[in-house]
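J.: Next come the chains, spelled out residue by residue.
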Amino acid sequence: MAMSSYNGILGDTKGIAGLFEHKLSTSEFKGGKAYTEIRKGAIASFLKSGFPGKEDEKWRNSDIEKFLESRFEFAEGALPADVDVDKIFACEVPDLDTWLITLLNGHYAAKNSDLRILPQGIIIGSLSRAMRDAHELVEAHLGRLVNNDKNAFAALNSALSGDGVFIYVPDNVIVEKPIQMVNVVNSESGSLFMQPRNLVILGKNSQLQLVHCDDSRDQAMHFTNAVTEFFIGDNASLDHYKMQNINDHSAVLHSGWFTLGRDSRLTTNAISLNGGFIRNENEIVLKGEGADANALGVYLVDKKQHVENHVHVSHLVPRCTSSELFKGILDDYSTAVFTGHILVARDAQKTEAYQSNRNIQLTDKARVNTQPFLEIYADDVKCSHGATVGQLDAEAMFYLKSRGIGEENAKMLLMYAFASEIVQKISILNLRERIDDMIKKRLRGELSICDQCVLHCSKPDQPIQFEIDMSKI
Amino acid sequence: MLLQIKNLHAQINGKEILRGVNLEVKAGEVHAIMGPNGTGKSTLASVIAGREVFEVTAGEVLYNGKNLLEMPVEQRAREGIFLGFQYPVEIPGVSITNFMRTALNEVRKYHGQEPLSGAAFLARMEEKKKLVEIQSKLTNRSVNEGFSGGEKKKNEIFQMAMLEPQLAILDETDSGLDIDALRIVANGVNALRSKDNAIIVITHYQRLLDYIVPDIVHVLFDGKIVKTGGKELALELEGKGYDWIRKELETR
Ligand SMILES: Nc1ncnc2c1ncn2[C@@H]1O[C@H](COP(=O)(O)OP(=O)(O)OP(=O)(O)O)[C@@H](O)[C@H]1O
Ligand SMILES: [Mg+2]
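As you go down the protein sequences, you meet chains A and B in turn.
If you're matching positions, the first sequence starts at 1 in our numbering and goes up one per residue.
If you're matching positions, the second sequence starts at 1 in our numbering and goes up one per residue.
Since the hints were made in silico from the structure, they are not lab data.
As the structure is a computational prediction, the values presented were derived from the model and not from experiment.
We put the CB at the ideal spot given by N, CA and C, even for glycine.
You may find that some hints are simply not true.
Claimed, not checked - From the structure, some residues in chain A lie toward chain B, with a derived Cβ separation under 10 Å:
| id | residue |
| --- | --- |
| 1 | 35 |
| 2 | 36 |
| 3 | 332 |
| 4 | 394 |
| 5 | 395 |
| 6 | 396 |
| 7 | 398 |
| 8 | 400 |
| 9 | 403 |
| 10 | 410 |
| 11 | 424 |
Stated by the list, open to error - Straight-line distance between alpha carbons at most 30 Å, and here's what the computed DSSO-like set of lysine-lysine pairs gives:
| id | chain 1 | residue 1 | chain 2 | residue 2 |
| --- | --- | --- | --- | --- |
| 12 | B | 129 | B | 109 |
| 13 | A | 54 | A | 303 |
| 14 | A | 441 | B | 137 |
| 15 | B | 109 | A | 441 |
| 16 | A | 365 | A | 304 |
| 17 | A | 425 | B | 152 |
| 18 | A | 150 | A | 14 |
| 19 | A | 411 | B | 195 |
| 20 | A | 425 | A | 303 |
| 21 | A | 425 | A | 411 |
| 22 | A | 350 | A | 382 |
| 23 | A | 411 | B | 66 |
| 24 | A | 411 | B | 109 |
| 25 | A | 150 | A | 58 |
| 26 | A | 425 | B | 137 |
| 27 | A | 54 | A | 304 |
| 28 | B | 231 | B | 195 |
| 29 | B | 137 | A | 411 |
| 30 | A | 66 | A | 150 |
| 31 | B | 152 | A | 411 |
What the hints assert, rightly or not - Stretches of chain B that chain A covers, calculated by requiring three or more beta carbons in the stretch to come under 8 Å of a beta carbon on chain A:
| id | region |
| --- | --- |
| 32 | 77-85 |
| 33 | 97-103 |
I would like the entire structure built from these sequences, with the hints used as guidance.
T.: Structure, rendered in structure tokens:
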């Protein structure tokens, strides 16, 4: 299939408008009429607001100027034919038995077929393919949760995205193996702007563990602007893990839009290990009574890296619970932003909502901007929020050193302990061990972008060693 | 001479706490330091271990003839100094196993030894746990987190047993211990006594000294060692309190 390639300065909205018109006139868009209408609305929203700037409350502490001024190739078409998918995704972690969905540069990279029907009617695969082969499901859900007027990047994704991942779990189905979606960026031709669009639908009483990785394989400046919509049915349960390990020059933006039915459960955990600019947005709407949402994250940043987590939880009905816990360690000149907004509607009595953001600042040049925020209209609620920015505990440092442990290792132990609170909450054991290992490596400065999420390893025939002995340094 | 302290003065925030301490400890000896609350016992222990908040304004501390005050905290530990904390620090998220393995291997590295193998390390853990009658489940937990007062103190002795220091300073290791735990801790300490190492116990109570019998007893008073005697001095203090010492000092 011909790839309509567009190469331009990202911040040039006229060019983007032109690209949209071109795609529209050449009928390049997938998704049928209904989705084309959504695209039209989305591009209008985007063009009206343009890219966000410092004047935008939600972008006050974000610096994307450098990306907007750079030239990117928009990659919305299909995968180039000459890519050897099997080679790129050659190595699998033996202990983590998963259903694997692979994306290369934001395109669905078929290792099997474009859309697979797994036992019990589970469907996984390419969203663009699902637009054709599972169009009823897609039409009933795609674009329903995203608010294009409120979020310019999501609008841009809605307007132009060509592909992404589609996951459907029917009612009453428990997906036994985790589903793992891996987006690897690897481009010899230059900087890519990618917009994967994912749709995850969980029927009532269903259960899914989803591991979502963003990895890079080269050192070029790339930009991923991803959007995922999650429909979590009544009494369904989703465990969602996001692993981000991209190069120091690249950006990943991901907005997750969640809606939760009655008595459903969500855990979404963002583990940001490396990246030039990472921004995670979670828009969580608790729609059914008794729903429970947990948003977690850990970020380890150094040099001039920047990580943001924005969580917005809306309690619309009674008896829902939500908790947020985000922890970060900042070294060098790195920066982090956290905004947490809990909205409790007037009818949402018996709400319990907790929010916490804790940071360790290793240098006085590192910056954290944290804004927990509660907006409560109901009277019978339990809510708390808190934020801390501090140094490593001096008493603990002295205690460790008084046993012979040197400065470096003492710091390492304390940083690891701090981060591990989040890691301990990973319910997939092998994944927890793998992430644990990656965090240790990261803290020692040994993690490379070739440490590919849970999927890749440098030596396929060697088992991955999980236990790294801190004391051997 | 293992430890030699000469005219040691130390202060915190401009307030002088140690006001000319003199102390000599030889290998093979057990010393007890007693004295009223707030007279500087823990401060002395901290200065020997290297806590930075205390500023040494005069005097010297020699350890095996080396200038201890020039060494960073961790180097003092690697040289064989161990401080059993009066208030052990809780460190959430750091397991005792990982903590001890890191510590032990850093000490070994300092002495040019290979790191202990996993199996050898675990065997040593088991052996030393038995010594202080620690249940296994404690060692899987984070360092001191949620430990009872007695468990914390036992954990200090366990660490001492793991590290086999040459000079151990035990700061009120007996406080907060029940009778059985006191005996266990004392047995642990006694098992580690040898002609090559020395122990300084800081305590308020004669009771501990029934189990860990000291060679020499000192009284620290207002930042100075004002009296030194044999083990019978502890008994005398138990009976008479500190007033008579105060009076003695005043009449001097
Ligand atoms: N961090 C500190 N800041 C200010 N003053 C301190 C500090 N640490 C100790 N001091 C003071 O130094 C003095 C000696 O304290 P130290 O803890 O050495 O006494 P101690 O002899 O061990 O007492 P105790 O028997 O109660 O344990 C006390 O007056 C105490 O308040
Ligand atoms: Mg004391």
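J.: If a hint holds in the structure, say so; if it does not, say that too.
T.: Do the hints match the structure? See the list:
For residue 35(A), the shortest C-beta to C-beta distance to chain B is roughly 47 Å, which exceeds 10 Å, and the interface hint is violated. Contact between residue 36(A) and chain B, as hinted, is not supported at the beta carbon level, the nearest pair being about 51 Å apart and thus beyond 10 Å. Taking 10 Å as the C-beta cut-off, the interface hint given for residue 332(A) is violated, the closest approach to chain B being about 23 Å. This hint holds: residue 394(A) has a C-beta 9 Å from the nearest C-beta of chain B, less than the 10 Å allowed.
The beta carbon of residue 395(A) is positioned within 10 Å of a beta carbon in chain B (closest approach about 5 Å), and the interface hint is therefore held. At a threshold of 10 Å, the smallest CB-CB gap from residue 396(A) to chain B is about 5 Å, leaving the interface hint in force. Because the smallest distance between the Cβ of residue 398(A) and any Cβ of chain B comes to about 6 Å, under 10 Å, the interface hint for this residue holds. At about 7 Å, the closest approach between the beta carbon of residue 400(A) and any beta carbon in chain B falls short of 10 Å, and the interface hint on this residue holds.
Given the 10 Å rule on beta carbons, the hint for residue 403(A) holds: about 4 Å separates it from the nearest Cβ of chain B. The beta carbon of residue 410(A) is positioned within 10 Å of a beta carbon in chain B (closest approach about 8 Å), and the interface hint is therefore held. The criterion of a C-beta within 10 Å of any C-beta in chain B is met by residue 424(A), whose closest approach is roughly 9 Å, and the hint holds. Straight-line distance between C-alpha atoms of residue 129(B) and residue 109(B) comes to about 23 Å, which keeps the hinted pair within the 30 Å bound.
The suggested pairing of residue 54(A) with residue 303(A) holds, with an alpha-carbon distance near 22 Å, which does not exceed 30 Å. For the hint linking residue 441(A) to residue 137(B), the alpha-carbon distance of about 28 Å falls within 30 Å, and the restraint holds. In summary, the hint linking residue 109(B) to residue 441(A) is supported, as the alpha carbons are separated by about 21 Å, within the 30 Å threshold. This hinted pair checks out: residue 365(A) and residue 304(A) have alpha carbons roughly 10 Å apart, not beyond 30 Å.
Note on residue 425(A) and residue 152(B): the hinted pairing holds, with a Cα-Cα distance of about 27 Å set against a maximum of 30 Å. Of the supplied pair hints, the one linking residue 150(A) and residue 14(A) holds, its CA atoms being roughly 20 Å apart against a limit of 30 Å. Annotation: proposed proximity of residue 411(A) to residue 195(B) is violated, straight-line Cα distance about 36 Å (limit 30 Å). In summary, the hint linking residue 425(A) to residue 303(A) is supported, as the alpha carbons are separated by about 28 Å, within the 30 Å threshold.
A C-alpha spacing of about 22 Å is found between residue 425(A) and residue 411(A), which places the hinted pair at or below 30 Å, so the restraint holds. Between residue 350(A) and residue 382(A) the CA atoms are separated by roughly 7 Å; this keeps the pair inside 30 Å, and the hint holds. A hinted pair counts as satisfied when its Cα atoms are at most 30 Å apart, and residue 411(A) with residue 66(B) qualifies at roughly 28 Å. Between residue 411(A) and residue 109(B), the direct Cα distance comes to roughly 18 Å. Compliance with the 30 Å bound is thereby established for this hinted pair.
Between residue 150(A) and residue 58(A) the CA atoms are separated by roughly 10 Å; this keeps the pair inside 30 Å, and the hint holds. Pair hint residue 425(A) plus residue 137(B) holds up; C-alpha atoms about 21 Å apart against a cutoff of 30 Å. Distance restraint check for residue 54(A) and residue 304(A): the Cα-Cα separation of roughly 19 Å lies within the 30 Å cut-off, and the hinted pair is therefore satisfied. Taking the CA atoms of residue 231(B) and residue 195(B), the gap is near 19 Å; set against the 30 Å cutoff, the hint holds.
For the given pair, residue 137(B) sits about 25 Å from residue 411(A) by alpha-carbon distance, which is consistent with the 30 Å threshold. A distance of roughly 23 Å separates the Cα atoms of residue 66(A) and residue 150(A); the hinted pair therefore holds under the 30 Å criterion. Distance restraint check for residue 152(B) and residue 411(A): the Cα-Cα separation of roughly 22 Å lies within the 30 Å cut-off, and the hinted pair is therefore satisfied. With 5 residues having a Cβ less than 8 Å from any Cβ of chain A, the region 77-85 of chain B passes the three-residue criterion, so the hint holds.
As drawn, the region 97-103 of chain B meets chain A at 6 residues by the rule of a beta-carbon pair under 8 Å; at three or more, the given contact holds.
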